Amino acid sequence: MAASNMRDIKRRIKSVNGMEHITNAMKLVSAAKLRRAKNTFERTREYLHYITESIEEIFNNTNEVPTRYLKGSREIKKTCYIVMTSSRGLCGSYNTNVIKEAARQVAHCKEEPIIVAIGNKGKEYFKKRGFKIYSEYLLPPETISFMETNQISKPIIEMYDSGEIDEVVMVYTSFVSSLEQSVKSVTLLPFEIHKDPDVPKLDKLVEYEPSVEQVFNYLVPKYVEIMVYGAIVESATCEHAARRIAMENATDNAREMIAELNLFYNRTRQAAITNEISEIVGGADALK
Amino acid sequence: MPNSVMLEVTTPSKLFYKGEVDLVIVRTLTGDEGFMAGHSWAVKLLDAGELWFQEAGSKDFKIAALAGGFIDVKDSITIFTDAAEWPGDIDVTRAEREKEQAENWLKNPSEDDSEIARAKIAIAKSLTRMHVKQGGRRRKR
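So the protein sequences, as listed, match chains A and B.
All residue numbers for the first sequence refer to the numbering used here, where the first residue is 1 and numbers rise by one.
All residue numbers for the second sequence refer to the numbering used here, where the first residue is 1 and numbers rise by one.
These are computed hints drawn from the structure, not numbers from a lab.
Worth double-checking, as some hints may not be accurate.
Just so you have them, the derived chain A footprint on chain B, three or more residues with Cβ under 8 Å [what the hints assert, rightly or not]:
| hint | region |
| --- | --- |
| 1 | 8-19 |
| 2 | 78-85 |
Short, incomplete list of chain A residues facing chain B, as computed with Cβ under 10 Å [to be verified]:
| hint | residue |
| --- | --- |
| 3 | K38 |
| 4 | T40 |
| 5 | Y50 |
| 6 | I58 |
| 7 | F146 |
| 8 | M147 |
| 9 | T149 |
| 10 | I152 |
| 11 | E207 |
| 12 | E209 |
| 13 | Q214 |
Derived pair list, reagent style DMTMM-like, types lysine to aspartate or glutamate, alpha-carbon separation capped at 25 Å [claimed, not checked]:
| hint | chain 1 | residue 1 | chain 2 | residue 2 |
| --- | --- | --- | --- | --- |
| 14 | A | K222 | B | E50 |
| 15 | B | K14 | A | E56 |
| 16 | A | K154 | B | D72 |
| 17 | A | K127 | A | E148 |
| 18 | B | K120 | A | D161 |
| 19 | B | K14 | A | E57 |
Here the structure is a predicted model, which means the values were calculated and not measured.
Where a beta carbon is used, it is the ideal one built from N, C-alpha and C, also for glycine.
Sequences are here, hints too, so could you generate the full structure?
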């Protein structure tokens, strides 16, 4: 009996050991990917900052801004949700958090919302619950190029222009630090900016070519495209950070488990030896 | 009066170029335009086209292909573009293939107007790439 018990424990140690190797390797891979994603992310954030600044600057300096993209220009009936999850699992609560937040918002909608799913996990969740998935992007997000995100955001902007949807909300994970990520939801359109009297007017006249309106009409869709791109990059960064933490925990747990099983194995082995000795001694006693 | 100005060319994924330049020439929606230090402030939309600039003190022009965007001229010049490429990074065969593909779209037009517009943009982009690879459309030396 003791021998078979020992073999069981040995087998478990072996399997946990195998798992530990895998999670440890995944942790290292995620750490490397996280570093790369973080670089792109920081670069994009800077670019995004420039664009928003330009939009605000134009808005604050001219009076002939088209109202089509501004908040309050029309009643909000149909909403488009862009849900950014990952396509792979094993990243802790990363996907559940995003889906939970998205589902909470979708539940408030009066009209059936349009879902744009980026990442497999979100797509499957909403598909299973009978929502219409307007478009999807399922490849690993860290390799996405800006041109590819255009294919996601262009139809959304067109739908907004044609009045098919009245609001675009994006649910994604925002990167706070390598150890902390939080789910954020951002309304991309209509655009909410206020005339800020505190912002000093530019002291020089700025030429807009071909016209203020055209520049503004170019910038706003660009803003949406960049925001979508930025959020995908940010979400990818978060995914790797979340996976790294999850895998680190898994590795720690596996190591703890191995230590415990080893102790248990040694005890069982010792018990078996003691048992045998006492049997031998008992047998020798009987022969006397 | 300074005679050189800071130029920054950024794309969504990276800072493409940063440095002091004497002259920048870009293709705006209304045609090629050059900017030098002390230009009046302006925001102009760019077409897909060539970017020419002369680094401070240098006689030679550097060229790159831009895929449209906008230029922001203030005390420094910033160009925002969807994509920018040096001649060395351009794959001519790919550009030619893309041009052919776009021309095919035009030959068999669908009802969708946006597709025609997209094909035109694609042709403009690949033409720019080819020109830039050959050292620019007009050789400025």
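Violations among the numbered hints: 3, 10
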